[in-house]
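Q: Residue numbers (our numbering), protein chains in the order written: chain E, 295 to 677; chain W, 295 to 677; chain R, 295 to 677; chain B, 295 to 677.
No wet-lab data here; the hints were simulated from the structure.
For glycine and all other residues, C-beta sits at the position ideal for the given N, C-alpha and C.
One or more of the hints may lead you astray.
So the derived list for chain W, only partly shown, Cβ under 7 Å to chain R, looks like this [to be verified]: (1) Gly492; (2) Asn494; (3) Met510; (4) Lys547; (5) Pro643; (6) Ala645.
Number of protein chains: 4
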Amino acid sequence: MPVLRSIRERFAAQQPLAGLSVGACLHVTAETANLVRALAAGGARIAICGANPLSTQDDVADALRDIADVYAAHAESFDDFARNINAVLDGRPRVTLDDGADLLQALHLRGLPDDFIGATEETTTGLLRLRELDPATPVLAVNEANTERVFNDHYGTGQSTLDGILRATNLLLAGKTVVVIGYGFTGKGVAVRARGDGANVVICEVDPQRALEARMEGFEVLPALAAASRGDVFITVTGVPQVLGRAHFERMKDGAVLANAGHFDVELDLPALRLLASERHAVLPLVDEYVLADGRRLHLLASGRVVNLAAGQGHPAEIMDISFALQALAVEHLALHGAALPPGVQPVPQAIDDEVARLKLASLGVEIDSLTDSQLRYLSRFE
Amino acid sequence: MPVLRSIRERFAAQQPLAGLSVGACLHVTAETANLVRALAAGGARIAICGANPLSTQDDVADALRDIADVYAAHAESFDDFARNINAVLDGRPRVTLDDGADLLQALHLRGLPDDFIGATEETTTGLLRLRELDPATPVLAVNEANTERVFNDHYGTGQSTLDGILRATNLLLAGKTVVVIGYGFTGKGVAVRARGDGANVVICEVDPQRALEARMEGFEVLPALAAASRGDVFITVTGVPQVLGRAHFERMKDGAVLANAGHFDVELDLPALRLLASERHAVLPLVDEYVLADGRRLHLLASGRVVNLAAGQGHPAEIMDISFALQALAVEHLALHGAALPPGVQPVPQAIDDEVARLKLASLGVEIDSLTDSQLRYLSRFE
Amino acid sequence: MPVLRSIRERFAAQQPLAGLSVGACLHVTAETANLVRALAAGGARIAICGANPLSTQDDVADALRDIADVYAAHAESFDDFARNINAVLDGRPRVTLDDGADLLQALHLRGLPDDFIGATEETTTGLLRLRELDPATPVLAVNEANTERVFNDHYGTGQSTLDGILRATNLLLAGKTVVVIGYGFTGKGVAVRARGDGANVVICEVDPQRALEARMEGFEVLPALAAASRGDVFITVTGVPQVLGRAHFERMKDGAVLANAGHFDVELDLPALRLLASERHAVLPLVDEYVLADGRRLHLLASGRVVNLAAGQGHPAEIMDISFALQALAVEHLALHGAALPPGVQPVPQAIDDEVARLKLASLGVEIDSLTDSQLRYLSRFE
Amino acid sequence: MPVLRSIRERFAAQQPLAGLSVGACLHVTAETANLVRALAAGGARIAICGANPLSTQDDVADALRDIADVYAAHAESFDDFARNINAVLDGRPRVTLDDGADLLQALHLRGLPDDFIGATEETTTGLLRLRELDPATPVLAVNEANTERVFNDHYGTGQSTLDGILRATNLLLAGKTVVVIGYGFTGKGVAVRARGDGANVVICEVDPQRALEARMEGFEVLPALAAASRGDVFITVTGVPQVLGRAHFERMKDGAVLANAGHFDVELDLPALRLLASERHAVLPLVDEYVLADGRRLHLLASGRVVNLAAGQGHPAEIMDISFALQALAVEHLALHGAALPPGVQPVPQAIDDEVARLKLASLGVEIDSLTDSQLRYLSRFE
């Protein structure tokens with residue numbers, strides 16, 4: 295995690311968080327530990343509980359007790375989970391970090407203290423809850439930062455989706471027709487990589503701007519029913535339920551592979567698939583074969599769950615490096631400028647997003663130029 | 295121009311502009327004539343003058359007199375130009391179309407009539423002037439629509455820049471190191487195409503987000519001074535002056551080619567190049583060879599002017615098809631909903647942008663799906 | 295294995311091997327069983343022993359006893375191995391299949407029977423031995439067929455090498471500089487895929503034709519010492535020992551990853567690496583970290599063994615489908631035309647190679663045209 | 295022409311052709327002049343006539359008279375052409391260079407002198423004639439060298455074909471379906487570039503190996519009739535007549551573009567196209583519109599002639615640099631080793647092909663490694 299490391303080194307030298315009380319409700323894992331260490335290096339006092347009892351790694355929790363108050367145990371009960379949230383809040387945090395809005399929501403119920411500065415949130419679900427809640431304090435939407443979306447969705451999921459499919463099936467992508475359903479950030483990442491691996495890629499997309507972009511990038515664009523009879527591999531990545539259903543399954547080729555890289559397990563209409571199949575059996579650990587009445591076989595990966603998590607190793611650590619770097623700089627921003635921020639969910643400032651990009655470039659050994667003063671003056675004429 | 299044609303056919307059937315008085319100050323060319331015909335088919339009464347006396351095609355002007363009042367002659371004097379603008383305004387247009395803001399600015403000086411609905415503007419320069427002017431009427435910024443930017447900058451200039459370079463030099467792109475300076479919409483288009491043609495592409499970019507994106511797409515990213523000694527071909531596309539200057543020229547390889555695809559002729563520091571050269575002579579119609587003191591030769595294309603216009607045929611007609619389709623739908627939008635719009639420069643509505651994308655897909659023979667009602671209901675839960 | 299399946303169906307109908315005695319010394323695995331079944335379906339009587347005691351799957355061996363004489367047991371002793379070869383030869387095979395030349399070499403020592411028709415060989419090592427032996431019978435070099443080389447080396451290893459690296463490290467390829475050393479069939483496959491995954495790819499190659507081709511495909515081409523300081527990931531695929539040694543290791547960046555996809559474990563100079571390192575420890579199951587005196591860390595994958603086999607699942611089954619299809623058709627060719635063939639190692643006939651390509655296309659659902667008679671007549675004028 | 299220049303410099307220093315009498319029948323153009331100068335610099339005495347009266351540039355012919363006997367005039371009569379060939383032969387050349395076999399054929403009719411060493415031939419047509427003639431002297435087939443084929447067919451024609459189409463039509467490749475018929479060296483070059491420009495590329499190919507390769511590279515592969523209704527642009531590059539005929543034209547979309555990059559003007563069945571069309575008119579200088587009975591319009595480029603020559607500038611000079619470098623080294627090889635060569639058409643030695651690749655790399659500033667002695671020893675074990 296070179297980006298977070300460089301931030302930690304600067305934090306240690308500059309102490310921007312000196313004395314700041316920070317409360318965190320995050321997955322207590324080895325990666326998160328690096329974030330906690332960076333914040334501690336910057337001078338913060340930290341109390342942390344686990345965002346999900348099943349993700350807590352007890353050895354990590356133990357190791358963190360040197361630098362933070364840790365209220366988390368693997369597989370803790372729901373009562374313990376609630377008690378732990380309260381324990382963190384009892385530490386009177388002035389900044390909170392959330393991975394699902396639990397901490398800030400609980401704090402809201404208690405009533406926001408006058409000296410509370412603000413919060414960060416890492417998940418889409420958490421942001422949905424917070425936007426409904428409309429909090430009276432600034433909330434920085436970390437996962438909507440550009441670096442986060444580009445790395446997480448486009449490059450991270452783009453790579454790990456195909457990786458998950460290869461691990462589950464050991465098929466050869468070259469020569470296959472891969473149908474990517476959904477051409478958003480993630481869909482583009484999957485499509486470009488599949489093409490780079492020698493697949494013939496077909497795109498299905500309902501948004502006309504995205505469909506047109508796919509076409510202008512040289513992909514064939516088809517309605518899903520027309521694509522159904524063409525594909526060897528289908529990858530859904532739309533955020534929409536039931537994008538492939540009975541009508542599509544009925545047209546698919548014998549041996550077609552079905553993978554979901556999108557939203558929970560709703561993008562493939564699994565009840566329809568089960569109704570259609572005369573039999574079903576596992577042919578590989580993560581591959582279920584559904585046999586249709588006429589003998590054709592469809593291969594469902596990972597029971598329709600998100601294939602890069604279920605069949606692969608999830609995101610590379612360097613993806614989390616970006617997320618946590620944004621978190622660390624967001625906390626610093628709240629510490630230094632939080633009082634001046636309006637309440638409500640808001641983007642991470644562009645300067646932080648740019649700083650993370652700059653640090654990531656540095657970690658890759660890439661140098662870039664800056665504009666000269668005379669160039670800046672020239673451009674300022676147009677503003 | 296299939297997109298504009300399909301709009302014209304609908305206009306003819308629906309008459310959305312029936313009786314509307316429209317004033318236009320545009321380049322009077324064969325392509326523009328198609329726009330005028332579409333507006334006339336929709337029921338508009340049109341008066342048009344030329345945006346630039348040199349671009350007026352007299353035969354087109356003549357041919358348009360059947361359906362519009364035309365006040366334009368090739369190479370007309372500045373006095374005639376002014377008189378013609380006034381003639382258009384005398385027709386009491388309620389909607390204006392501008393290609394440089396001349397018409398709306400003149401109308402503003404006269405005072406906006408009460409029944410004036412709004413305007414469209416096609417150029418960046420025009421928008422700069424109008425944003426300073428802060429007009430008391432809605433102005434739709436056509437060239438900031440997504441379809442326009444994607445087609446015009448990314449695909450149009452992406453292709454035509456390399457095309458212009460090939461026409462000027464007849465060099466082989468495969469095996470060359472091509473340095474693209476600037477990785478915006480246009481720079482990306484140029485970079486991807488150069489790579490597709492077998493060039494080794496190096497990117498220089500001052501914006502860290504863009505630089506990081508270039509790197510994540512597999513390009514080598516270098517400061518311009520480091521790239522200077524690597525490149526066989528340099529293409530500037532930044533919008534910033536003097537991105538290549540004396541220090542860069544001094545490091546370049548014998549035979550390096552210099553092309554500008556960006557902003558006027560300021561991106562290459564031509565005075566510095568002339569000072570550095572001991573001699574200079576044309577080696578091909580659009581190629582000037584500058585001989586440095588040590589004998590190295592640098593080849594400047596099209597005197598540093600925008601290479602796709604100076605050395606190529608400019609944009610394909612289908613690029614203008616998109617622009618004019620946006621113009622036509624923008625006029626319709628003003629006619630139908632202009633009264634409800636706030637004053638000031640504003641984006642073309644998303645629905646119009648999407649409609650142009652949809653019509654372009656149709657013209658390419660591409661069908662796409664729509665979301666079902668149940669999918670729309672599902673998504674509405676998150677809004 | 296759809297290609298082999300279609301051959302088996304034809305064999306069952308046409309019985310081209312009716313009564314033919316075939317001896318095989320192959321890896322006794324589930325995939326090989328499909329080959330044996332295809333030959334048996336064609337009417338052959340088959341005796342088989344294992345090419346490597348460790349690869350023998352006992353359950354497969356058992357299952358094959360219905361249709362073949364099987365002389366193979368997992369982890370059998372060397373004496374048993376020799377006894378089993380002799381048992382196969384005692385069956386008086388008229389055609390042999392080898393995966394390392396053991397069977398044909400043993401038969402040669404006994405003396406080739408008069409009615410012996412010919413042999414096939416699947417490995418490079420086996421062909422080396424047989425070319426020295428200069429056998430008095432035709433030997434079809436299956437692994438030199440074009441379909442075999444393209445699928446096995448280019449597409450198979452191209453994909454599985456990167457797959458192995460991802461599984462071992464979970465790194466993100468996008469944004470990394472990947473140095474591919476060797477631009478033969480396999481190196482090209484690796485390079486193109488790495489580029490498709492967003493890596494910046496640098497090629498090192500000693501052959502000027504290949505180096506030039508790499509350059510004309512847009513890759514940067516560097517001497518290995520110059521590439522050493524650039525790479526984040528190094529992949530050797532040359533067939534040559536010690537292509538990366540002390541001088542290269544000394545220049546590498548902290549965190550560089552070393553993977554071999556080439557020849558045994560000789561391409562990386564591991565003794566030099568061990569001498570250079572002050573310490574070494576496993577950081578992941580297949581990743582050893584070597585710490586240099588100045589603190590830089592190099593990460594060696596799979597102890598320098600072939601990374602796609604050691605860290606991945608090896609080739610997809612469809613790669614073996616091609617190999618075994620070639621084997622089956624080669625046996626048929628020997629049965630039908632072997633008497634007319636000259637002795638010695640020789641290519642698989644073009645017609646067989648083409649037939650496998652045709653069957654593979656059919657399995658992918660791809661139809662192609664044939665030349666018309668008049669086109670054939672036209673072309674014959676040039677022959 | 296940097297490769298030829300470096301050869302000329304070495305020739306000037308080493309005089310490998312000192313006193314050798316060379317006869318040449320080549321296109322007398324500025325490019326050829328560089329070859330003549332290189333041979334003269336190496337010590338050769340040269341007599342040259344023009345391979346085609348229409349290609350002779352009189353100013354070049356004049357300029358060459360200082361260093362060669364020149365027998366060529368633009369638009370000379372056939373009688374003069376014959377007289378000029380004889381004049382060259384009267385100079386008693388010991389080596390000949392041909393661009394269509396005229397010189398060597400004439401010499402054969404006279405009877406090969408005892409001290410004649412050998413010849414080079416640059417064209418496919420010339421080689422066809424010479425292979426029938428079966429000459430009693432070595433003939434080096436320059437245009438079958440690997441560097442020549444790769445540069446000329448793959449990179450040269452690959453780029454210039456699309457360039458020719460863009461110049462003739464000014465269409466936008468992105469978003470178009472481009473059907474490439476023929477996936478040989480040239481077809482691959484066209485297909486890869488079209489894809490790099492954003493086209494959706496469909497391949498038609500009768501050879502199963504090539505068709506399979508196209509498919510494994512991610513292209514859709516279709517029979518020509520199926521492709522006929524899909525394409526926006528059709529490019530034939532097969533070497534076979536009438537690959538697109540009436541049945542294909544009848545299915546094409548309105549506006550389809552037809553271009554030939556292959557063999558003369560026979561690949562498109564133009565008589566069938568004319569019969570099918572109810573009218574035909576030129577819409578651009580190199581674009582003829584054929585209107586079918588139902589109103590659909592097909593656009594034929596350059597009357598079906600080879601589009602990169604007819605509509606573009608032909609090959610870049612650096613393509614000819616490779617050809618002439620091979621010619622120069624082939625002449626040197628004949629001078630030094632010709633006596634040891636067998637008679638008949640034969641490949642240019644691999645060492646010459648490699649030397650040209652090496653010089654081309656050097657001209658691009660690319661350095662490569664050599665194998666070490668110990669690596670060579672290791673490899674020799676396998677030979």
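Q: Taking the hints in turn, state whether each one holds.
A: We went through each hint and held it up to the structure:
{"no.": "1", "hint": "Gly492", "in the structure": "5 Å, holds"}
{"no.": "2", "hint": "Asn494", "in the structure": "5 Å, holds"}
{"no.": "3", "hint": "Met510", "in the structure": "5 Å, holds"}
{"no.": "4", "hint": "Lys547", "in the structure": "15 Å, violated"}
{"no.": "5", "hint": "Pro643", "in the structure": "35 Å, violated"}
{"no.": "6", "hint": "Ala645", "in the structure": "34 Å, violated"}
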